[in-house]
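Visitor: Residue numbers (the numbering used here), protein chains in the order written: chain A, 40 to 181; chain B, 40 to 181; chain C, 40 to 181; chain D, 40 to 181.
It cannot be assumed that every hint is accurate.
[Claimed, not checked] Here are the simulated lysine-lysine pairs, PhoX-like style, with alpha carbons at most 20 Å apart:
id : chain 1 : residue 1 : chain 2 : residue 2
1  : A       : K48       : D       : K48
2  : C       : K122      : C       : K48
3  : C       : K166      : C       : K122
4  : C       : K134      : C       : K48
5  : B       : K48       : C       : K166
6  : D       : K134      : D       : K166
Source of the hints: derived by calculation from the structure; they are not laboratory data.
4 protein chains.
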Amino acid sequence: MIYSSSQIKVRYAETDKMNVVYHSNYLVWFDIARTQMLEEIGLPYRDLEADGYFIPVLTANLEYLRSARFDDILDVQLRVMEKPRVRMRFEYEIKRANELIAIGATTHGFIDIRGNAQRPPKNFLQKINEIWPPKQSTTKPA
Amino acid sequence: MIYSSSQIKVRYAETDKMNVVYHSNYLVWFDIARTQMLEEIGLPYRDLEADGYFIPVLTANLEYLRSARFDDILDVQLRVMEKPRVRMRFEYEIKRANELIAIGATTHGFIDIRGNAQRPPKNFLQKINEIWPPKQSTTKPA
Amino acid sequence: MIYSSSQIKVRYAETDKMNVVYHSNYLVWFDIARTQMLEEIGLPYRDLEADGYFIPVLTANLEYLRSARFDDILDVQLRVMEKPRVRMRFEYEIKRANELIAIGATTHGFIDIRGNAQRPPKNFLQKINEIWPPKQSTTKPA
Amino acid sequence: MIYSSSQIKVRYAETDKMNVVYHSNYLVWFDIARTQMLEEIGLPYRDLEADGYFIPVLTANLEYLRSARFDDILDVQLRVMEKPRVRMRFEYEIKRANELIAIGATTHGFIDIRGNAQRPPKNFLQKINEIWPPKQSTTKPA
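Chain A on its own, in the form it takes in the complex:
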């Protein structure tokens, strides 16, 4: 499993006239959490893009449980539970202290600059294999 925790301080620009955070901003915070996680495991997203890889969002799901408000300090907890292969799945919990504000998940693929699907780059696979070691084929001795 990969786990990462990112702190967000809610910006005035992120609020709306309902006096809470406008709901699309949660996707921006999920993105910040992914960027930080990739940095933490030694694969900065800016380097992946410099190498010609992009990781667009394929699907996103959000469940809004409590309102987030201006100046709140939030913790965006990201988990990768399954070994990424051609697709990757990230799961999120947004918390304000012990309160659960929202949960969500996004799935992603790798593409090149032209938008064509790509296999993940080697340094990415290598890093993933360190975290989820490939299963050894168990061979019985004769």
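Dock chains B, C and D against chain A, hints included.
Guide: Positioned in the frame of chain A, the structure of chains B, C and D alone reads:
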């Protein structure tokens, strides 16, 4: 069923360095479609809020199928398939001419200014009952 | 002079907890007005970029006179008063019916993809010379 | 003088297809710097609003000198050079290490929830008078 179609012209501010629309903007477009739909059925959202009702997003699901790009003219098609009761479900298709760009769904509830769950306002229920007439109890003539 | 008028309907996402439009969105609306103006004079910005030219903002000035609110229909009036040369200056008035909401101005230059300053492209200069004809050198007859 | 320095890490959502930060985001960063400064001098903006005061932007000026890019770590330096009275003026420098990215200024007033101009609240004036002590009337001894 309620159906509404809203036209969006992609803004430069909505693009990102991947040269496509940043994915959180789709939620903003869904919101525009809801606002237009409510206007079309005679229940402008600004009036609902003036009456003390808010319709926050409870869940959101998005599937990104093709990239949207700067200056694209998109059609956000909104459908309400089931009669709204305490909760409402909106379904969306974003199209560029005949190409399907994204699909999604959001669910919503009614709250008051304090954030407490509310039953929908009377004028809303009346309008919904015009669109989905309540089933008559069938009484046999004697 | 070039004049262009663009209609904006204020989005819920553009409001903030002060119940008015968050002030940075006015720059986005100015941008929409520039895009529409370039389209109207036959030089769509997407084509300029496809030809390798970009028109970044060098300076921006804004004066906020009245609040804009959710669902307002606004008119963004853009004027180019002086013939663009290496730099261009755009002036803006945002109106809600007869009320003046904000005024502003932005200046811009041309750059290439690497960020180096460029002279405006030929088709741009040609169009500008149609609008502001170059002064004829007055030659006295012998 | 009041001085405050806020760190910003550029978000992917803040970039545009020109591969740089979209220019309206600088106003959001200025806002973050103001919020942090008010917090630092003991007058959190959320408390000012809770007391019924709002500090809308009246004017904004920006000069864009260099591009900011995804994942850049920027320092937003805010200065209040003149003692705030009915109006306040904030000056900004955005730096990436030693490079100056942008400069700007905003002016602000105090209003109440109805949008009517207000004198600054007492706790605000008190704090300002600590920073800029009122000039003593010099009285000669007899």
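Visitor: Is the straight-line distance between the alpha-carbon of K122(C) and that of K48(C) 20 Å or less?
Guide: It is violated: about 31 Å lies between the C-alpha atoms, which goes past 20 Å.
Visitor: Would you check the hint for K166(C) and K122(C), treating anything up to 20 Å between C-alpha atoms as holding?
Guide: holds (11 Å)
Visitor: Compare the distance between the alpha carbons of K134(C) and K48(C) with 20 Å, and conclude whether the hinted pair is satisfied.
Guide: holds (12 Å)
Visitor: Taking 20 Å as the top limit, are the C-alpha atoms of K48(B) and K166(C) close enough?
Guide: violated (25 Å)
Visitor: Quick one, are K48(A) and K48(D) close enough, alpha carbons at most 20 Å?
Guide: Between K48(A) and K48(D) the Cα gap is close to 12 Å, so the pair holds against 20 Å.
Visitor: Verify the proposed pairing of K134(D) with K166(D), using a straight-line Cα cut of 20 Å.
Guide: Given that 20 Å is the threshold and the Cα spacing comes to 28 Å, the pair is violated.
The structure shown violates the earlier hints numbered 2, 5 and 6.
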